[in-house]
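Asks: Just so we're aligned: 45 in numbering that gives the first Met the number 0 is position 46 of the sequence shown, and the numbers increase by one with no gaps anywhere.
It is worth saying that the hints were derived from the structure and are not from the lab. Errors might be hidden in some of the hints.
[Claimed, not checked] Beta-carbon label-pair distances, calculated as ranges: (1) Val1 - Ile27: 20 to 28 Å; (2) Glu39 - Ser7: 20 to 28 Å; (3) Gln89 - Pro13: 19 to 27 Å; (4) Val58 - Thr38: 30 to 38 Å; (5) Ala12 - Tyr62: 17 to 25 Å; (6) Thr36 - Tyr62: 38 to 46 Å; (7) Ala29 - Gln70: 23 to 31 Å; (8) Lys59 - Thr36: 38 to 46 Å.
Each residue gets a CB set at the ideal place from its N, CA and C atoms; glycine is no exception.
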Amino acid sequence: MVWQSLFSEKPTAPAAWVHVRDVADAHIKALEANIGTGTEILPSGSKPASPWEEIVSFVKLNYPGLGWKLQPPFKGGWNVDVSKSDQILQIN
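All chains should be built: construct the whole structure from the sequences, respecting the hints.
Replies: Written as C-alpha cells, this is what we have:
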C-alpha cells in the first residue's frame with residue numbers, strides 16, 4: 000500500500016502503522032475474545048507515526064531516481080478509529 004501510494008497522486012492508505020509484534024498479539028487476543036462475525040478491528044496508533052510528508056522526504060533523499068508521483072502538501076487526513084482495538088482486545 001505504501002508502494003502504491005508513492006506512485007499515486009495522493010496517498011491510497013492512511014499513514015497508520017503498527018508493529019508486526021502488535022499485529023501478532025492482536026491476532027492471539029482476537030482468537031481468545033468473544034467477537035461477533037464480521038467485526039473489523041484496526042490495531043494502530045491514533046496519530047500517524049510517520050506522516051506522508053515524512054515518507055516523501057525520505058524517498059526523495061534516499062531514492063531520488065525512483066519516479067514517484069506523490070507530492071505534498073496533503074489536504075485532509077485519515078480518521079483512524081482504534082476504539083475496538085482498545086475496548087475488545089485491550090491493546091493500546
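Asks: Could you run down the list of hints and mark each one as holding or not?
Replies: Verification of the supplied hints:
1. Val1 - Ile27: 20 to 28 Å: Once the Cβ atoms are compared, 26 Å apart, the range 20 to 28 Å for Ile27 and Val1 holds.
2. Glu39 - Ser7: 20 to 28 Å: holds (24 Å)
3. Gln89 - Pro13: 19 to 27 Å: holds (23 Å)
4. Val58 - Thr38: 30 to 38 Å: holds (35 Å)
5. Ala12 - Tyr62: 17 to 25 Å: holds (19 Å)
6. Thr36 - Tyr62: 38 to 46 Å: holds (43 Å)
7. Ala29 - Gln70: 23 to 31 Å: violated (38 Å)
8. Lys59 - Thr36: 38 to 46 Å: holds (44 Å)
Checked against the numbered hints above, the structure breaks only hint 7 and satisfies the rest.
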